[in-house]
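Protein chains in written order, with my numbering: chain A, 1 to 379; chain B, 1 to 379.
Check the hints yourself; a few may be wrong.
Note that the list lumps identical chains together, so a pair holds whenever it fits in one copy or between two copies.
Stated by the list, open to error - Subject to a maximum C-alpha distance of 30 Å in a straight line, what follows is the list of computed BS3-like cross-link-like pairs (lysine-lysine):
1) Lys323 x Lys43
2) Lys129 x Lys107
3) Lys51 x Lys365
4) Lys129 x Lys180
5) Lys107 x Lys365
6) Lys323 x Lys104
7) Lys323 x Lys129
8) Lys129 x Lys104
9) Lys51 x Lys180
10) Lys323 x Lys107
11) Lys242 x Lys104
12) Lys104 x Lys180
13) Lys51 x Lys107
14) Lys104 x Lys365
If you're looking for bench data, these hints aren't it; they were derived computationally from the structure.
Spelled out, the chains give:
There are 2 protein chains.
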Amino acid sequence: MTGDFRFEILSRDGAARAGMITTPRGTVRTPAFMPVGTAGTVKAMHPEAVKAQGAEIVLANTYHLMLRPGAERIATLGGLHEFMNWPWPILTDSGGFQVMSLAKLRKLDENGVTFQSHIDGARHVLTPKRAMEIQDLLGSDIAMQFDECVRLPCAEAEARRAMLMSLRWAERSRAAFVAKPGRAVFGIVQGGAAEAMRIESAKALADMGFDGYALGGLAVGEPRTVMLAMIACTLPWLPPGKPRYLMGVGTPDDLLEAVRRGIDMFDCVLPTRAGRHGLAYTRAGRLNLRNARHAGDPAPVDPLSSSTAARTYSRAYLHHLVKSGEILGMMLLTEINLAYYQDFMEDMRRAIAAGCFDDFCDAAKMAWRSGETSGKRDE
Amino acid sequence: MTGDFRFEILSRDGAARAGMITTPRGTVRTPAFMPVGTAGTVKAMHPEAVKAQGAEIVLANTYHLMLRPGAERIATLGGLHEFMNWPWPILTDSGGFQVMSLAKLRKLDENGVTFQSHIDGARHVLTPKRAMEIQDLLGSDIAMQFDECVRLPCAEAEARRAMLMSLRWAERSRAAFVAKPGRAVFGIVQGGAAEAMRIESAKALADMGFDGYALGGLAVGEPRTVMLAMIACTLPWLPPGKPRYLMGVGTPDDLLEAVRRGIDMFDCVLPTRAGRHGLAYTRAGRLNLRNARHAGDPAPVDPLSSSTAARTYSRAYLHHLVKSGEILGMMLLTEINLAYYQDFMEDMRRAIAAGCFDDFCDAAKMAWRSGETSGKRDE
Chain A
1 MTGDFRFEIL
11 SRDGAARAGM
21 ITTPRGTVRT
31 PAFMPVGTAG
41 TVKAMHPEAV
51 KAQGAEIVLA
61 NTYHLMLRPG
71 AERIATLGGL
81 HEFMNWPWPI
91 LTDSGGFQVM
101 SLAKLRKLDE
111 NGVTFQSHID
121 GARHVLTPKR
131 AMEIQDLLGS
141 DIAMQFDECV
151 RLPCAEAEAR
161 RAMLMSLRWA
171 ERSRAAFVAK
181 PGRAVFGIVQ
191 GGAAEAMRIE
201 SAKALADMGF
211 DGYALGGLAV
221 GEPRTVMLAM
231 IACTLPWLPP
241 GKPRYLMGVG
251 TPDDLLEAVR
261 RGIDMFDCVL
271 PTRAGRHGLA
281 YTRAGRLNLR
291 NARHAGDPAP
301 VDPLSSSTAA
311 RTYSRAYLHH
321 LVKSGEILGM
331 MLLTEINLAY
341 YQDFMEDMRR
351 AIAAGCFDDF
361 CDAAKMAWRS
371 GETSGKRDE
Chain B
1 MTGDFRFEIL
11 SRDGAARAGM
21 ITTPRGTVRT
31 PAFMPVGTAG
41 TVKAMHPEAV
51 KAQGAEIVLA
61 NTYHLMLRPG
71 AERIATLGGL
81 HEFMNWPWPI
91 LTDSGGFQVM
101 SLAKLRKLDE
111 NGVTFQSHID
121 GARHVLTPKR
131 AMEIQDLLGS
141 DIAMQFDECV
151 RLPCAEAEAR
161 RAMLMSLRWA
171 ERSRAAFVAK
181 PGRAVFGIVQ
191 GGAAEAMRIE
201 SAKALADMGF
211 DGYALGGLAV
221 GEPRTVMLAM
231 IACTLPWLPP
241 GKPRYLMGVG
251 TPDDLLEAVR
261 RGIDMFDCVL
271 PTRAGRHGLA
281 YTRAGRLNLR
291 NARHAGDPAP
301 VDPLSSSTAA
311 RTYSRAYLHH
321 LVKSGEILGM
331 MLLTEINLAY
341 YQDFMEDMRR
351 AIAAGCFDDF
361 CDAAKMAWRS
371 GETSGKRDE
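Sequences and hints are given; from them, build the entire structure.
Listed below in C-alpha cells is the structure:
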C-alpha cells in the first residue's frame, strides 16, 4: 500500500462540508460515521456486513486491545486489519478516554497514566509514546494523540490542568508518531465547557500541525447546548482544510447539528449498543421493540430502509426476539441501526452537495417527530 | 401450496439409506440434520445463512412457542414460517420432552400434563389434542405426537408406564392431527432402555399408520452403546418406506452410527450450543477455542471447510472473541459448526449413494482422531 493521507472538501453548504479522506486502504466519504469496533469487532456484526452497509472506516480502541489480546500479539498476527478481517481504514482511539471511564486505580502524572485493567486488575502504563507505539503495532490508519479527558461538569481549574496536560502530551504524541506512508495522526481539542480554553487548545494544536483534529471531552455529561456551543466556538480556530472529528457522538440529531457546524467525522456506540438493548433507530425516530404494543404488529421496522432486516422482519418478531434475549434480535437491531446511521450520513452528504442542508435538517427532524413508518414513536 | 408429503429412498448401503422427503414447502434430502430453532430462531444465525449452508428443514418447539409468544399470536401473524422468515419445511416437537426437562411442578395424568412455565411460572396444560392444535396453529410441516419422555436410567415399570401412556397419546394425537395437504405427523417410539418395550412401542405405532417414526427418550442419560442398541432393535419393526427420526442426537460420531443403522433424520442443539461456548466441530475433530494454545495461532479453523468463517478467521481471533465474550465469536462458531454438520450430512448421503458408507465412516473417524486441520485435537 502506498499513497498519501489526503482530505479534500468537495462541497460546502453554510458551515457544513462534504468531502473525502483518501488513505492507501481506501477512501472515506465525509461526513462519516465510524462504527465502533472496541475490541476488534463491531459487536454482533460480520465485518463484511458493516462494509456492505456503507461504512468505510471503523474505530478500534487502544485501551481494550492493549489489555486483550495485546498490541504485540496483534502485530505478530499481521496487524489489526488482518486480525479482524477488516482491510479498510481503521481509526484507533489512544486510550485516554477509556482510562478515564473504565480503568480502576488511576495514577496520573506528567509522564502518563498508571492504571489497573478492568478485566483482570493487572497494572499497565500508558504514556504518549506508548499510546503511539501501540497504535503503530495495531497498524492504525488514523492514530489519535494521547490525551487526558475529564468528565463534565468539572471545576475550571481541573479542566484547564487537563487541557494543558493534553497539549504537552499532544507534542509528545506528535513526536512519537511513527510516520508511515498514508498514515495520519490527529490532535484532540480539550478544555471542558469553557470557550476560551477550547480556543486555546485548538490554536495550540493547529500550531503543532496535525493531519486532522478531534473534539474530545464532549458528550461526557454536559447539556447538549454546551456541546454544540463548544463545537461552534472551536471550529473557526482549526485549519479549514483538515478533517474534524467529534469523538463519541451521538444521536442522529446530534450528528445533524454537528455537521451543520462543520464536523466531518463521528464515532459512537449508540447504534450498536441500543441495538443490543432492543432499540431501533429509523427515519421515523426511535422504536423500543421491548414495548408490548409491538407484540402483535406485523409491520416491518421500516419498509423503505436499505436494511433487509428492517424491511423483512415484523416488529412482532423483533419484540419476541428481544423479550426472549435471543442473539438474533441483537444482530438484526444492530444491523438496522448501523444501516440507518450510514444511510443518514449518505443523505447528509447528498444534501450538502445539493446545497439544501438546512431543508434536509428540517425534513429529518419532522420525520423523527412524526413517528411514521407505520406507528407512533416510542419512549 | 399443494402436493403430498412423500418419502423416497434413493439408495441403500447396508442398513443406511439416502432419500428425499418432499413437502409443498420444499424437499429435504436424507439423512438430514435439522438445526434447532427452539424459540423461532436458530440461535445467532440469520435464517438465510442457515439455508445457504444446506439446511432444508429446521426444528422448532411447541413448548417454547406456546409460552412465548403464544401459538395463537403466531397464527394471527401468518404462521411460524412467516414469523421467523423461514419459508422452507419446519418440524415441530410436541412439547413432551421439554415439559419433562424444563417445566416446573408437573402434574401428569391420563389427560395430559399441567405444568408451570419456566419463564414466568404461569400454569399451562398440554394434552395430545392441544399439542396437535398448537402445531397446526404454527403451521408445522411435520408435527410430532404428544408423548411422555422419561430420563434414563429409569425403573422398567416406570418406563413401561410412560411408553404405554405415549401409545395412548399417539392414538389421540393421530386422531387430533389436523390433516392438511402435504402435512405429516410422526409417532414417537418410547420404551426406555429395554429392547422388548421398544419393539412393543414400534409395532403398536406402525399399526396406527404414521407418516414417519421418531425414536424418542434416547440420549437422555444412557450409555451410548445402549442408545445404539435401542436403534438397532427398533428399526426392523418400523415400516421401511417411512422416514425415521432420532430425536435430540447428537455428536458427529453418533450421527454416523445412527445412519449406519438406518436413521434418516436428526436434530440436536450440540452444534449451536457448542458454538456459543467456544467449541468448533471440524473434519479434524473438536477444537476448544478457549484453550490458550490458540491465542497466537494464525491458522484458520479449517482451510477446506465450506464455511467462509472457518476459512477466513484465525484461531487467534476466534480465541480473542470467545475470551472477550463477543457475540461475533458465537456467530462465527455457530456458523462453523452448522456448516460442518451440513457438509457431513451431504458427505454421508454421497457415500451411501456410492455404496462406500463403511469406508466413509472409517475415514471420518480417522480424521477426527488425527486432529489435523493444522493442530492437535482439543478437549
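Hint numbers contradicted by this structure: 5, 11, 12, 13, 14
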